[in-house]
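Trainee: Chain by chain, the residues:
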Amino acid sequence: AQKVTQAQTEISVVEKEDVTLDCVYETRDTTYYLFWYKQPPSGELVFLIRRNSFDEQNEISGRYSWNFQKSTSSFNFTITASQVVDSAVYFCALSEMDSSYKLIFGSGTRLLVRP
Amino acid sequence: GAVVSQHPSWVICKSGTSVKIECRSLDFQATTMFWYRQFPKQSLMLMATSNEGSKATYEQGVEKDKFLINHASLTLSTLTVTSAHPEDSSFYICSAPSVEGAHTQYFGPGTRLTVL
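Heads up: the sequence lines are chains A and B, in that order. Going by the numbering used here, the first residue of the first sequence is number 1, and it counts up by one from there. Going by the numbering used here, the first residue of the second sequence is number 1, and it counts up by one from there.
There could be a bad hint or two in this list.
[As the list claims (entries may be wrong)] Restricting the straight-line Cα-Cα distance to at most 30 Å, the calculated cross-link-like pairs of lysine-lysine (DSS-like) are: (1) Lys-41/B <-> Lys-20/B; (2) Lys-102/A <-> Lys-64/B; (3) Lys-3/A <-> Lys-55/B.
None of these hints come from the bench; they were simulated from the model. For clarity, every value in this text was computed on a predicted model and none was experimentally measured.
All chains, please: the whole structure from these sequences, using the hints.
Mentor: Shown next as structure tokens:
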């Protein structure tokens, strides 16, 4: 069965600190996709990244970076030098190849960046 | 880029009434759309898959007679919450698969439903 676990319910950091959001997934499929979404207070989901199961290269985009480790079934997200505007709920999600595009979301991590 | 819109963005209704929420793909066609529900401080839960020209596929535990889904065209899916009750108050979000594939979805801005 597929499952996404985000063990950190809420994280609070001071601006300019680095913060890592954890994501652990379970799937029996060998082909799948992993995603990170940001949900600011407005509620609209903002797509951050997609990674397929055959691409384990880590990715960096500005202050954001992602660490995909198939050996530990983890897809962690790091924000470097956090800013107040990073405050939001962050969701990790999984889509299996045979799932007809269904997304399984983790429970989310609420990030609060204090000035 | 592709955009998915929802209407209304928020709605307040009395208990027992029905509410219709529209989800539109604005510059692309979507034979499939998805409806999610998000309770306060919780995650998104898939309710159903809307299929153009055929019946929707509901997830386990979702009442198909209460949450009516109609995918009338390649750009429009509607979710009707029938005989709404306060426990149906939630944030409803629709999505459509990206034309780029790779299981990416475009999400609508959501509709906040409050049932009094």
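Trainee: Hint by hint, say whether it matches the structure.
Mentor: Checked hints:
no.: 1; hint: Lys-41/B <-> Lys-20/B; result: holds, 24 Å
no.: 2; hint: Lys-102/A <-> Lys-64/B; result: holds, 18 Å
no.: 3; hint: Lys-3/A <-> Lys-55/B; result: holds, 27 Å
The structure agrees with every numbered hint stated previously.
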